[in-house]
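Residue numbers (our numbering), protein chains in the order written: chain A, 43 to 358; chain B, 9 to 266; chain C, 11 to 434.
You may find that some hints are simply not true.
What the hints assert, rightly or not - Take a look, some chain C residues computed to stay more than 10 Å from chain B by CB distance:
1. 200
2. 213
3. 214
4. 360
5. 383
Stated by the list, open to error - What follows is a set of in silico ranges between Cβ atoms, one per label pair, in the way DEER data are often shown:
6. A:133 / C:62: 43 to 49 Å
7. C:312 / A:324: 19 to 25 Å
8. C:367 / A:103: 28 to 34 Å
9. C:363 / A:49: 52 to 58 Å
Said to hold, decoys possible - Simulated crosslink set (DSS-like; lysine-lysine; CA at most 30 Å straight-line):
10. C:182 / A:330
11. B:73 / B:33
12. C:353 / C:378
13. C:421 / C:406
14. C:406 / C:416
15. B:204 / B:99
16. B:206 / B:73
17. C:413 / B:127
18. B:127 / C:427
19. C:406 / B:99
20. C:427 / B:76
21. A:245 / A:219
22. C:421 / B:204
23. B:206 / C:416
24. B:206 / B:76
25. B:221 / B:206
26. B:73 / B:204
27. A:330 / A:345
28. C:206 / A:330
29. A:221 / A:245
30. B:33 / B:76
31. C:378 / A:330
32. A:345 / C:182
33. C:65 / B:99
34. C:421 / C:405
35. B:73 / C:427
36. B:204 / B:33
37. B:204 / C:427
38. C:405 / B:99
39. C:427 / B:33
40. C:416 / C:65
Calculated from the structure, these hints are not laboratory results. Glycine residues also receive a C-beta, built at the ideal position from the N, C-alpha and C atoms.
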Amino acid sequence: MLLNILPQVLVDGLTLGFMYAVVALGYTMVYGILEFINFAHGEIFMVGAFVGTEVLLISDSLGALEGMNPYVAFFLTLVIAMALTGGLGVLIERVAYRPLRGAPRLVPLISAIGVSFLLQDLVRFTEAIARNEFYLNTPALFSGSISLGIASIPTKGFIVIVLAIVMMIALTLFINKTKWGIAMRAVAQDQSTASLMTINVDKVIMLTFLIGSSLGGATGVLFSQNYGTIDPYIGFILGLKAFTAAVLGGIGNLRGAMVGGVLLGLLESLSGAYMGPLTNGAFGAEYKDVFAFSILILVLLFKPEGLFGEAVKEKV
Amino acid sequence: MALLEANGLTKRFGGLVANQDVTVKIEQGTITAVIGPNGAGKTTFFNMVTGFYEPDEGDVLLNGKSIKGLRPDQIAERGITRTFQNIRLFKEMTALENVMVGTHSRLSAGILGIMFNTKRVREEEERAKVEAYQLMEYVGIAHVANEAAGSLPYGLQRRLEIARALATNPQIILLDEPAAGMNPRETVEMTEFIRKLKHELGLTIILIEHDMKLVMGLSEYIHVLDYGRKIAEGTPEQIRNNPNVIEAYLGKSATEVS
Amino acid sequence: MANIGWKSMKGIPLVVTLIWIAVSAAALHFMEKSVIAFLGILFSIILIYYTNTDKRVRLILGAAVLLLIIPLVAGDNRYYMEVASQVGIYVAMALGLNIVVGFAGLLDLGYVAFFAAGAYAYAIFSTSQANEFIPGGLFPLSGDWFWPFLIVGLIVAAIFGILLGLPVLRVKGDYLAIVTLGFGEIIRIIFNNLDKPINITNGPQGITPIPSPELFGVKMGTPFYFYFIVLFVIIFIVIANIRFEHSRLGRAWVAVREDELAAQSMGISLLNTKLAAFATGASFAGVVGVIFAAKQTFIDPTSFTLMESIGILVMVILGGSGSIPGVILGAAFVTVLQVQLLKEFSNFLHSLQQSGVINLPNQLDPSKFQRLIFGIMLILVALYRPNGLIPARRKKNDLEAIKGSKYAGGKLGILSKLTQGKQS
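I would like the entire structure built from these sequences, with the hints used as guidance.
Structure (structure tokens):
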């Protein structure tokens with residue numbers, strides 16, 4: 043009986059894992075360049091979910107969704123959400139992080155925690171005014187599911203996975219093939235040398251936030267489609283898990299973040315499904331967050347460089 | 009038996025070999041220099057001796073006992089201390105407090121003792137203050153005892169860092185470029201000061217330095233590193249005439265050596 | 011901001027302070043429920059701190075306000091005593107976190123876990139809850155046990171601190187914030203679910219009725235008593251903070267905060283030093299947790315969320331990380347803002363709503379704006395005043411006293427070799 047549900051558990055885990063993976067990219071890119079944990083990244087994801095949901099709700103109320111191809115509607119939603127969250131990321135960097143470059147390490151981190159909480163309440167505030175409600179239901183664009191024989195995958199879950207893979211490939215190409223991508227890698231390796239090579243470090247950092255945040259925002263849209271309900275607090279725990287994924291894969295390493303995300307999604311799904319039955323109900327699915335955090339702590343203790351990272355020793 | 013022996017130390021970072029089979033023996037009460045071009049692995053060598061890096065191969069012996077694998081604080085407790093290339097003071101503390109930090113492992117106050125402010129803790133604290141102040145007088149910076157360490161001029165920060173190192177009551181002190189960034193007059197003063205440490209306190213001194221005048225005038229024995237390997241050792245006279253050394257420095261600053 | 015002005019003024023004249031105390035005491039006495047009056051009396055503590063007079067006079071004045079004036083003029087007013095003891099609880103917590111964040115520079119986002127450990131320690135054993143897993147029907151304990159449990163709470167929390175710290179403190183720098191956050195959540199989830207397989211915490215239902223403290227048969231359940239209990243604990247914690255600040259351990263904490271590598275080369279063990287900070291900070295939170303449990307008479311996991319940890323962090327950062335007066339100010343300010351000002355403002359808006367002046371959705375109730383306000387405060391402090399309202403300052407040593415010390419006669423430490431050398 044336990045094995046019967048395994049394929050479904052794996053499909054759910056993959057869907058979740060790909061979302062972690064894309065959000066993890068945002069953490070890892072910023073960390074790679076600034077050595078700074080962008081605490082507010084999870085909230086960018088949350089804002090993306092709200093923007094996407096609002097776009098659909100508003101278009102729906104205007105009747106614009108009638109007869110529109112759901113894929114077109116989804117694409118437009120995605121573009122709007124990515125543009126807005128990308129801009130938000132750049133704004134946050136400009137206002138709350140850039141003035142603190144060179145300050146003691148704790149200071150920008152504290153600012154980022156502040157941004158994180160501020161965003162949660164701003165979204166709640168806005169939605170409370172606009173809709174008198176801040177738990178939103180996202181209009182579903184896709185119904186039905188694709189059968190894979192032993193398991194079935196909902197169309198929306200399939201789209202999550204496909205889009206996540208597309209975004210990862212696009213990002214990898216961008217980083218490796220374009221002028222700006224190479225500039226980003228240069229800045230990540232050595233900021234002062236890069237600036238000597240006439241690379242505009244400020245611009246590169248801005249670009250990093252733009253890309254990372256729009257990917258995070260896009261994941262928010264995917265999340266809202268996949269799970270159907272959102273609230274202003276979804277970003278916090280998901281952000282934490284995505285960060286865990288980034289650490290698991292080796293922070294600063296793009297490929298690592300992707301693998302780490304998928305791995306964590308699978309582990310979480312498996313533990314959620316099997317921990318209860320295996321311990322006779324003593325420790326059930328309510329411990330799945332504990333499980334994810336434990337992974338974070340274990341990785342940081344025993345393999346802080348992650349699965350794909352290189353061990354870096356602090357310069358003496 | 010040498011006071012400090014480094015036997016076949018090797019350290020790799022990924023594909024880069026920072027130190028390869030470096031063997032160095034240091035006698036009690038001597039001044040030894042470790043020289044070499046930039047990136048030759050001198051600081052890596054210091055880091056292995058002081059426990060900041062663990063060697064991939066080889067061993068470090070202090071008084072014949074291995075100190076390999078010990079943490080930096082444990083090595084400091086055993087009497088090896090250091091200064092840093094890019095001065096690392098506790099900037100927000102006063103100068104005097106910086107030196108008092110050096111006495112840390114010789115004091116015993118614990119959580120409860122401090123909370124109840126026992127007589128022993130009070131006396132120990134007073135002794136530490138006096139000792140720190142005496143050390144500041146000794147290095148000639150007692151007049152800035154109450155200034156924040158980060159606000160001191162560069163030369164005084166160098167001296168403060170040495171005073172702080174002396175407060176650990178070391179047998180061996182490793183100085184990483186003690187005269188870096190100093191003008192000629194300050195360099196002469198620093199040279200005199202290091203000599204004084206040896207003669208008056210019986211300290212064993214190992215230093216990394218690029219200023220060849222200082223190295224040749226001060227050290228009794230010199231080890232030369234290049235690309236992570238030791239290419240020569242000997243007295244200043246021997247090193248000056250060693251063809252390997254001249255070659256290593258040629259194209260860089262051969263004139264400094266000759 | 012303002013303290014620069016005070017510095018140039020060499021402090022506030024004593025007369026001004028005395029008049030202020032008199033006026034705000036009168037206000038406190040004659041007004042039933044006034045935030046302004048309460049803030050006034052709190053502000054007098056700050057005035058005393060900056061008054062241009064002898065340290066001993068300031069101490070006596072402060073003690074007089076806290077121990078005599080407030081209880082005398084407002085002791086029979088439940089409202090004021092309640093607010094005062096709440097402020098006290100947060101001041102005590104913030105002072106504990108100050109050791110971890112302020113002194114040792116360890117950004118702990120799971121601090122509330124230790125508070126929970128203390129609260130649950132008392133709650134479980136002082137109610138019949140402990141009978142669930144300890145046979146013999148020994149429980150509940152009476153309120154007399156509150157006093158020994160202050161120590162038990164301290165020890166339990168300290169053990170928690172060490173157990174959590176051992177793995178967590180090996181993690182470097184920024185990661186520590188995330189890991190402590192994760193651990194804080196883990197502990198809350200565990201408390202929330204530990205009603206099975208063995209019922210230890212009673213899960214989400216929480217534990218009640220937790221007995222009030224009792225001394226010689228007197229039941230001390232009113233805010234009036236808690237005010238004194240908290241005050242007593244704060245005095246203890248402040249003294250400990252002051253002693254730690256300029257001690258062997260305090261210097262090691264600051265050294266580790268400023269430069270881990272240099273600290274190690276001075277013989278400081280990173281793990282031991284950080285553990286000491288973690289355990290000390292935790293133990294204070296544990297004591298406060300016991301008081302909290304007794305005061306609330308009911309606890310459940312919702313009292314120990316991440317927001318509590320963040321709130322205490324805001325107090326420390328806003329007031330001045332590492333600065334004892336700063337942290338006290340920050341904690342008092344944030345608590346009054348949170349439990350009083352916002353609530354008053356809410357009530358005000360509600361009354362407007364009832365008279366039909368405005369239409370306010372329930373969600374916009376200002377008392378729910380914790381996150382927004384904490385967020386803005388953290389950002390603004392980070393950007394414009396990273397050292398807080400009253401920045402920490404290292405004490406200057408009395409050099410004359412050092413020169414005149416009984417130890418100054420001979421050379422100490424490595425310098426003792428100087429005299430040996432000369433003799434030979």
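Status of each hint after checking the structure:
Remark: the non-interface label on residue 200 (chain C) is consistent with the geometry, its nearest Cβ contact in chain B lying 27 Å away (cut-off 10 Å). For residue 213 (chain C), the shortest C-beta to C-beta distance to chain B comes to about 35 Å, beyond the 10 Å cut-off, and the non-interface label holds. With a cut of 10 Å on Cβ distances, residue 214 (chain C) stays outside the contact zone with chain B, its closest approach being about 36 Å. Distance to chain B confirms residue 360 (chain C) as a non-interface residue, since its nearest Cβ pair spans about 47 Å, more than 10 Å.
The claim that residue 383 (chain C) is not at the interface with chain B holds, since no C-beta of that chain comes within 10 Å of its own (minimum 29 Å). About 46 Å separates the C-beta atoms of residue 133 (chain A) and residue 62 (chain C), a value consistent with the hinted range of 43 to 49 Å. Checking the proposed 19 to 25 Å range against residue 312 (chain C) and residue 324 (chain A) shows it holds: the Cβ atoms sit about 23 Å from each other. About 30 Å separates the C-beta atoms of residue 367 (chain C) and residue 103 (chain A), a value consistent with the hinted range of 28 to 34 Å.
Checked against the given bound of 52 to 58 Å, the beta carbons of residue 363 (chain C) and residue 49 (chain A), roughly 54 Å apart, stay inside it. Between residue 182 (chain C) and residue 330 (chain A) the alpha-carbon distance is near 25 Å, which keeps this suggested pair within the 30 Å criterion. The suggested pairing of residue 73 (chain B) with residue 33 (chain B) holds, with an alpha-carbon distance near 14 Å, which does not exceed 30 Å. About 9 Å separates the Cα atoms of residue 353 (chain C) and residue 378 (chain C), which keeps this hinted pair within 30 Å; it holds.
Between the alpha carbons of residue 421 (chain C) and residue 406 (chain C) the distance comes to roughly 23 Å, so the proposed pair stays at or under 30 Å and holds. Among the hinted pairs, residue 406 (chain C) with residue 416 (chain C) is consistent with the structure: their alpha-carbon atoms are about 20 Å apart, no more than 30 Å. About 27 Å separates the Cα atoms of residue 204 (chain B) and residue 99 (chain B), which keeps this hinted pair within 30 Å; it holds. Restraint check: the Cα-Cα separation between residue 206 (chain B) and residue 73 (chain B) comes to about 23 Å, which is no more than 30 Å; the hinted pair holds.
Only pairs whose Cα atoms come within 30 Å are accepted, and residue 413 (chain C) paired with residue 127 (chain B) is accepted, the gap being roughly 20 Å. A hinted pair counts as satisfied when its Cα atoms are at most 30 Å apart, and residue 127 (chain B) with residue 427 (chain C) qualifies at roughly 28 Å. A hinted pair counts as satisfied when its Cα atoms are at most 30 Å apart, and residue 406 (chain C) with residue 99 (chain B) qualifies at roughly 14 Å. This hinted pair checks out: residue 427 (chain C) and residue 76 (chain B) have alpha carbons roughly 29 Å apart, not beyond 30 Å.
Restraint check: the Cα-Cα separation between residue 245 (chain A) and residue 219 (chain A) comes to about 18 Å, which is no more than 30 Å; the hinted pair holds. This hinted pair checks out: residue 421 (chain C) and residue 204 (chain B) have alpha carbons roughly 16 Å apart, not beyond 30 Å. Taking the CA atoms of residue 206 (chain B) and residue 416 (chain C), the gap is near 29 Å; set against the 30 Å cutoff, the hint holds. For the hint linking residue 206 (chain B) to residue 76 (chain B), the alpha-carbon distance of about 26 Å falls within 30 Å, and the restraint holds.
The suggested pairing of residue 221 (chain B) with residue 206 (chain B) holds, with an alpha-carbon distance near 19 Å, which does not exceed 30 Å. Taking the CA atoms of residue 73 (chain B) and residue 204 (chain B), the gap is near 28 Å; set against the 30 Å cutoff, the hint holds. The straight-line distance between the Cα atoms of residue 330 (chain A) and residue 345 (chain A) is roughly 22 Å, inside the 30 Å bound, and the hint therefore holds. Proposed proximity of residue 206 (chain C) and residue 330 (chain A) is supported: the alpha carbons are some 16 Å apart, at most 30 Å.
Under the criterion of a C-alpha separation no larger than 30 Å, the hint pairing residue 221 (chain A) with residue 245 (chain A) is consistent with the structure, at around 13 Å. A hinted pair counts as satisfied when its Cα atoms are at most 30 Å apart, and residue 33 (chain B) with residue 76 (chain B) qualifies at roughly 15 Å. About 29 Å separates the Cα atoms of residue 378 (chain C) and residue 330 (chain A), which keeps this hinted pair within 30 Å; it holds. With a C-alpha separation of about 12 Å, the suggested pairing of residue 345 (chain A) with residue 182 (chain C) holds against the 30 Å cut-off.
Distance check on the hinted pair: residue 65 (chain C) and residue 99 (chain B) sit about 28 Å apart at the alpha-carbon level, within 30 Å; holds. Among the hinted pairs, residue 421 (chain C) with residue 405 (chain C) is consistent with the structure: their alpha-carbon atoms are about 25 Å apart, no more than 30 Å. Proposed proximity of residue 73 (chain B) and residue 427 (chain C) is supported: the alpha carbons are some 25 Å apart, at most 30 Å. Pair hint residue 204 (chain B) plus residue 33 (chain B) holds up; C-alpha atoms about 22 Å apart against a cutoff of 30 Å.
Simply put, residue 204 (chain B) and residue 427 (chain C) have alpha-carbon atoms about 12 Å apart, close enough for the 30 Å limit, and the pair holds. For the given pair, residue 405 (chain C) sits about 14 Å from residue 99 (chain B) by alpha-carbon distance, which is consistent with the 30 Å threshold. The straight-line distance between the Cα atoms of residue 427 (chain C) and residue 33 (chain B) is roughly 25 Å, inside the 30 Å bound, and the hint therefore holds. Restraint check for residue 416 (chain C) and residue 65 (chain C): the C-alpha separation of about 26 Å stays at or below 30 Å, so the hint holds.
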